[in-house]
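Sequence lines, in order, name chains A and B. Quick note on numbering: the first sequence equals residues 1 to 394 in this note's numbering. Quick note on numbering: the second sequence equals residues 1 to 394 in this note's numbering.
Rather than coming from a laboratory, the hints here were simulated on the basis of the structure. Wrong hints could be hidden among the right ones.
Quick list of in silico lysine-lysine cross-link-like pairs, DSS-like style, CA-CA up to 25 angstroms [as the list claims (entries may be wrong)]:
no., chain 1, residue 1, chain 2, residue 2
1, A, Lys80, B, Lys327
2, A, Lys327, B, Lys357
3, B, Lys203, B, Lys7
4, A, Lys23, A, Lys97
5, A, Lys7, A, Lys327
6, A, Lys200, A, Lys7
Protein chains: 2
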Amino acid sequence: MTDYRVKGFALAGGAAGIKPDRKKDLGLIISDTPASVAGVFTRNQIQAAPVVLDRQRVAGGVCRALIANSGVANCCTGEKGMADAIGMTRAVADRLKIIPDQVLVASTGVIGPNLPMAKIETAIPGLVADALPTGFPDFAEAIMTTDTVPKLVTRRMTLNGTPFTVTGVAKGSGMIHPDMATMLAFICTDMGAAPLTLQKILKTGVDATLNRISIDGDTSTNDTCLLFANGQAGVSLQTAADEACFGEVVHDVLGELARKLVADGEGATKQVRIDVQGAPSDTAAHVVADTIARSALAKTAFFGEDANWGRVVAAVGRAGVPIDPEKLTVRFGDVLVFTNGSGTAAAEAEPVAQVLKQPRFTITVDLGLGTAAVSVHTCDLSVEYVRINADYRS
Amino acid sequence: MTDYRVKGFALAGGAAGIKPDRKKDLGLIISDTPASVAGVFTRNQIQAAPVVLDRQRVAGGVCRALIANSGVANCCTGEKGMADAIGMTRAVADRLKIIPDQVLVASTGVIGPNLPMAKIETAIPGLVADALPTGFPDFAEAIMTTDTVPKLVTRRMTLNGTPFTVTGVAKGSGMIHPDMATMLAFICTDMGAAPLTLQKILKTGVDATLNRISIDGDTSTNDTCLLFANGQAGVSLQTAADEACFGEVVHDVLGELARKLVADGEGATKQVRIDVQGAPSDTAAHVVADTIARSALAKTAFFGEDANWGRVVAAVGRAGVPIDPEKLTVRFGDVLVFTNGSGTAAAEAEPVAQVLKQPRFTITVDLGLGTAAVSVHTCDLSVEYVRINADYRS
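Chain A with its partners taken away, still in its complex shape (with noise of 0.2 angstroms):
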C-alpha cells in the first residue's frame, strides 16, 4: 500500500446519496493549519458557481478545507447555485470553526440540476468526524465520475536536508481539454510556501502537463487544480534554487497525474504520446500537436491499430500553422512514414503494424522549420467512449 499521507492533511470521503447505489460523492480535504492556496481553473466562460467562488477565494491566499462532489457539476444554476456552493462551505466551516472564506468547493458531474443540499450537509458531520491523514483514497474515489480507477500520485523528497512530501489527486475521464485539461485535481504538499510563490509554481507545472493532455476536446466548465502547501515540513521555500526544486516536484506530480487521466480517457485503449518539434514557436508546436490530439479520423486510426499515417500528417496540414510539407517528417515509434513529401517504404511494413499493437505509442512531428518542441499526451477515440457519453448522464 501506498503511503499518500502528509504531515499536517487529513481526508475523507463517503456517499452522500448525489449518485446512486451508494457510491462515494463527497470528499473532504482538511488542513489542520492554514496552508497556503493557489489555484488554476477552467477558461470555458460558462463556469460552474464552486469555480467562481474559488477563484475569488483563493485570491486570498489561505485555505483550511476543501469540500468535493461528484454526481452533479452545480453548473448553469443561477443564483441557487452559488447559494448552495456556499453552502457547502458554510456547513463545513460550522463543523471545523473556522472561516467559511477559508474553504473552497469543488463539484463535478451532469450540468444543470441542482445540488441536492440536504443530503451534503447531513453528511458533513460524518465526513468531518471521518477525516484521517490516510483518507486520500477514499477522498479520490469520491470525485470519480466516469473515471473507472482513483488517480494518486505522491512523492517525498529533501529540501535543504528536511524530507517533505507532495501528494496529488485527480479525476477525468471525459470533457477533457486544456484550458484547464482536467475536471479536478488537488495537491497537498506540507512545504512552506508564499501564496504567490505557490501560484507561480502551479500554473508553470499545469501548462506543462494538465493543459498538454486532451482526451475528447471539450473544455470542461467545472476544472479546477488547486495547491495547498500548510508547511507542517517544517521548511519553506526561502531561494530561487528551493523553488526551482520544489516547482520540479509539483511539475512530476501533475505529469504523472496527466497521464493517469489519458490512461483512464473515457473509452481509451490506447495512451498516444505527440512530439512535435521543429517548430517555429511553443505556440505552433502546440497547436499541431492539439489539432492531432483531437482528431477523430486519426484517434479512430489509433483505436483500429491502423498505422495510417495520412491522418496525421492531414491534420498537421489543417492545423492552421505555416507548414512545408518538403520540410515535413513523421514517425510512428521509430519508424519513419513520411518524409520529403511522400510516404516511405517502411510506413506499409511490419515494424510500424507492431508500433500501433502497443498500448502505449509515441508519434513524432517534426516541422523542420525551427527548434521548438511540446509533447501532448491523448488516448484513442473508442467505440466504447461514444457508448459511455451516448447513456452518461449521471
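Mind docking chain B on chain A? Use the hints.
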C-alpha cells in the same frame, strides 16, 4: 427516375480495379464544347496532387473534361503523384483529342499509396466510349468511398424565358469539415457564363453551404468543388439580375448536396441543424456553431437521444467568442432549455426528449449580443462512426 441530364454533358462511371470487388471507382465528365469552369479547393496545407494541378488549370477558365477516381487519394505522393495526375488527364485528352490543359482531375480515398496507373489508363477508353447524358448516377457511384448512397441534385429553371439546368454530384462522408467541407462536388450547367462570374457565384454558394457543414472536424487534403458551365442552354448571364437568379439556383443545388452529405455522414443516425443567432458578427456566429458541431460530447449525446443541453452550453462557453451567460438562450427544437444562466424546468420534461428522438432536429443558440446568424449542419457521433474509421483503409 429523376432526369439529371444537362445539355452538352456526357458522363460515365466504371470499375478500373482501384477498389476491390469490382466496385465503380473511375468517373468521367465530358463537355461537348469548351465550358467555363470555376473551382474551390481545400485550405489544408497538405494538398493532393490533383488539387495542386486543378488550381493551376482552373485559372485558365476553360475545361472540356474531368476524370475522377475513388479508392486512392493521390496525396503525399510527391513528384510521382503529380506525374500520375497529369497522366490521367493526358489519357483522357488523347482519347478525346483535346488539349490536356483543359482536362481536370480529382481523387479521393486513402492518403499515401500511388495510383494504379496501368489500370486507370486501360479503363479510360471504355469510359470515354460509355459516356452518356444519362451517366450522372454512374459517375456519382464511381466517386463514392464510405458513402452509403450516391448524391445527386438537379434543378431546372428559366432565365429570361430560356430553360436551363444545374445538376450537382457530390461524395462525402468522412474527413468532412469546412475549408472545403466536402471531399468532391461537381456541378454541371448549360448556362453560359464567363469564368470570373462563375467563380464569384461558386465561392459565394460554397461559403454558405458546403463550408457550413461538419461531420468530424477533419478537413480533407483533397476537397474539390468544380462548376462547369457550357452555355448549351442558349442563354448566358448578362446582367446582375441574371447572376443573382442563376446564383440562387447554384446555391440551392449546393445546399441540398451539403444536406445529403450530412445525412450520409459516416455512421450518422441524426441530422442536426445548429442555428446560432444574436451574434455580434457572422464570424462569431460561425465559430460558436462550429464548436458545437465539433463537440464529441454534444454529438454523442445526440446519438444517445439525450437532451444534454449542458454539453451544448459548455461548447458555447469554450468557443473563444466573448459571451454573456445571462443573455444566452438555448432551444432544442421549440423547447427553451437554457435562459438567464440556468436550465429550465422544460429541459427535463417529455417534450424535449421527443425532440431528440427525431431523425432531424434543430438546436437554436441565441447569444443575445447582436443580429448575426449562421446555420451549420452536422450529425451525431455514433458507435458506427468509430467502427467505420477504425476499419477503413480502402
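Go through the numbered hints given earlier and state which of them the structure violates, listing their numbers in rising order.
2, 4 and 5
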